Each structure stands twice: as C-alpha cells, then as structure tokens.
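Quick note, the sequence shown lines up with residues 1 to 237 if you use UniProt numbering.
Derived by calculation from the structure, the hints in this document are not laboratory data.
If you're wondering where the values come from, they're calculated on a predicted model, not measured in any experiment.
It is possible that part of the hints are untrue.
Ranges between beta-carbon positions, derived for each pair [unchecked claim]:
no., residue 1, residue 2, range
1, 157, 178, 23 to 29 Å
2, 135, 115, 28 to 34 Å
3, 156, 115, 58 to 64 Å
4, 74, 52, 30 to 36 Å
5, 87, 66, 29 to 35 Å
6, 136, 97, 30 to 36 Å
7, 70, 102, 43 to 49 Å
8, 51, 87, 50 to 56 Å
9, 65, 86, 28 to 34 Å
Below, simulated DSS-like cross-link-like pairs (lysine-lysine); rule was C-alpha separation at most 30 Å, straight line [stated by the list, open to error]:
no., residue 1, residue 2
10, 79, 92
11, 80, 92
12, 70, 51
13, 41, 51
14, 80, 94
15, 70, 47
16, 48, 67
17, 88, 62
18, 109, 124
19, 80, 67
20, 51, 67
21, 109, 94
22, 62, 47
23, 92, 109
24, 124, 137
25, 51, 62
26, 70, 58
27, 102, 85
Where is the CB? At the ideal position from N, CA and C, for every residue including glycine.
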Amino acid sequence: MLQMELRTHRRDLGPEALLNNGFSSILDATSCFRLFIEHIKWLDENKKSLKEDLQSIKDCLKAAEEKVAKEEMTAIGLKKQLLEKLNKLLEKNKVFLDLQSKINEGEEKLLELQQETSRIPDLKVKIKELEEKVASKDEILATRDNALLTYQRDLEYWKDAVGRAVVEYKSSEDFIEEVTKALGEAFDSGVNSYKDLVEKYFFNLDLSSITQEAGLILASKMEARLTLEVGAAAEVP
C-alpha cells in the first residue's frame with residue numbers, strides 16, 4: 001500500500017516528505033529509498049526544464065513589472081491630464097459662475113428697467129396733463145397781459161385826463177376860493193390853539209396883534225406856493 005502511494009505521489013512529494021513518511025519494514029525503507037533516488041533523477045532530468053520555467057516565470061514577472069511600470073506611467077500621465085482638464089473645468093466653472101452672476105445682475109437690472117418702462121404710460125399722461133395746465137396758464141397769462149395792457153392804456157388815459165382836470169381846476173375861481181377857505185380855517189384853528197397854549201404858559205404876553213388879516217396874508221402866500229406845486233405834479237408824466 002505504501003509503495004503504491006509513494007509511486008503515485010513521488011513526483012509530488014519532496015525529499016523531506018519521502019523521508020518523513022515512516023517505514024514499517026526494511027522492505028518499505030528500501031522501496032522508499034528507491035523512490036527517493038528516482039525523484040532525484042527526475043529532478044536532475046527536469047532541471048533544465050525547471051530552469052527554463054523559472055526563467056520564463058522571471059521573464060513574465062519582468063514583463064509584468066514593465067507593463068505595470070508602463071501602465072503606472074500611463075496612469076500618471078492620465079492623472080496629470082485629468083488634473084489639467086479638471087483645472088480647466090474649474091476655470092471654466094469659475095467663468096461660468098461669473099457669467100451667471102452677471103446674468104443675474106443683468107436680469108435684476110432688466111426687471112428694474114421693465115418696471116420703469118411700465119411707468120411710461122403714466123408719465124405720458126402726467127406730461128399731457130402738465131402740457132394742458134401750461135397751455136391753460138399760458139392762456140391765462142396772455143389774458144392777463146392783454147388786461148394789463150388795457151389797464152395801462154386806461155391808466156395813461158385817466159392820468160392825462162386827471163392832469164388836464166387839475167390844470168383846468170387850479171386856474172378856476174372855485175379852486176382858489178376852496179383853498180383859501182381851507183387855509184383860513186386851518187390857520188384860525190391852529191392860531192387859536194397855539195394862542196391858548198401860549199397864554200396858558202405865558203399869560204403876560206400880548207397876542208392881540210395876531211389877527212385874521214395877518215393870517216390871510218400868510219394864507220395867500222401858501223396858496224401861491226401850493227398852486228406851483230400842483231402845477232409841477234400835473235406836468236409829471
């Protein structure tokens with residue numbers, strides 16, 4: 001049984017496994033030793049093949065390492081490109097955000113402009129009302145100007161008429177008589193008042209020489225002076 005197992009698995013067992021299997025008799029030990037020798041021969045015969053397999057494995061590992069290194073370099077390049085593209089995208093995103101902000105500001109200004117534009121009809125109505133008021137005021141001013149011109153013409157006419165009436169009246173006897181009478185009354189009233197006042201404080205003075213005749217002489221002088229002043233006033237345009 002042991003010999004069959006050793007023959008079956010001798011290529012799969014190493015030297016240590018063959019020596020450590022345990023032997024129940026000399027025959028088993030001999031058989032095992034024979035198998036061990038065969039295994040050594042097999043290893044020697046397949047040494048070149050194993051070396052080739054090992055070299056092939058090393059070549060595969062080297063190719064794999066080169067491939068990994070190449071792929072790593074490619075990955076680094078791709079990563080660099082991705083970072084560059086990401087930076088460009090970030091810059092574009094920043095530009096986009098700036099544009100979006102400007103668009104929002106433009107929309108706000110457009111909304112304000114639309115609100116201002118919506119007031120244009122009301123402003124037109126107010127402008128029309130103001131124009132009507134201005135036109136009405138212009139008409140009123142024109143009417144007042146015409147009335148003022150008429151009033152000025154009437155004033156000039158009446159000034160001329162009054163001037164002529166004054167000139168005519170001052171040369172009339174009624175005017176002279178009226179002025180003389182008024183002056184005499186004013187003189188008598190004033191003289192009597194002052195005589196009473198003077199007699200009150202200066203009772204020893206003789207005021208009998210102050211008579212109405214003296215007052216009439218003074219009144220005639222004042223009349224002549226008044227006539228000159230009235231004539232001068234009438235000549236002023």
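Against the structure, the hints come out as follows:
no.: 1; hint: 157 x 178: 23 to 29 Å; result: 26 Å, holds
no.: 2; hint: 135 x 115: 28 to 34 Å; result: 31 Å, holds
no.: 3; hint: 156 x 115: 58 to 64 Å; result: 60 Å, holds
no.: 4; hint: 74 x 52: 30 to 36 Å; result: 31 Å, holds
no.: 5; hint: 87 x 66: 29 to 35 Å; result: 31 Å, holds
no.: 6; hint: 136 x 97: 30 to 36 Å; result: 58 Å, violated
no.: 7; hint: 70 x 102: 43 to 49 Å; result: 47 Å, holds
no.: 8; hint: 51 x 87: 50 to 56 Å; result: 52 Å, holds
no.: 9; hint: 65 x 86: 28 to 34 Å; result: 30 Å, holds
no.: 10; hint: 79 x 92; result: 19 Å, holds
no.: 11; hint: 80 x 92; result: 18 Å, holds
no.: 12; hint: 70 x 51; result: 27 Å, holds
no.: 13; hint: 41 x 51; result: 16 Å, holds
no.: 14; hint: 80 x 94; result: 21 Å, holds
no.: 15; hint: 70 x 47; result: 33 Å, violated
no.: 16; hint: 48 x 67; result: 27 Å, holds
no.: 17; hint: 88 x 62; result: 38 Å, violated
no.: 18; hint: 109 x 124; result: 23 Å, holds
no.: 19; hint: 80 x 67; result: 19 Å, holds
no.: 20; hint: 51 x 67; result: 23 Å, holds
no.: 21; hint: 109 x 94; result: 22 Å, holds
no.: 22; hint: 62 x 47; result: 22 Å, holds
no.: 23; hint: 92 x 109; result: 25 Å, holds
no.: 24; hint: 124 x 137; result: 19 Å, holds
no.: 25; hint: 51 x 62; result: 16 Å, holds
no.: 26; hint: 70 x 58; result: 18 Å, holds
no.: 27; hint: 102 x 85; result: 25 Å, holds
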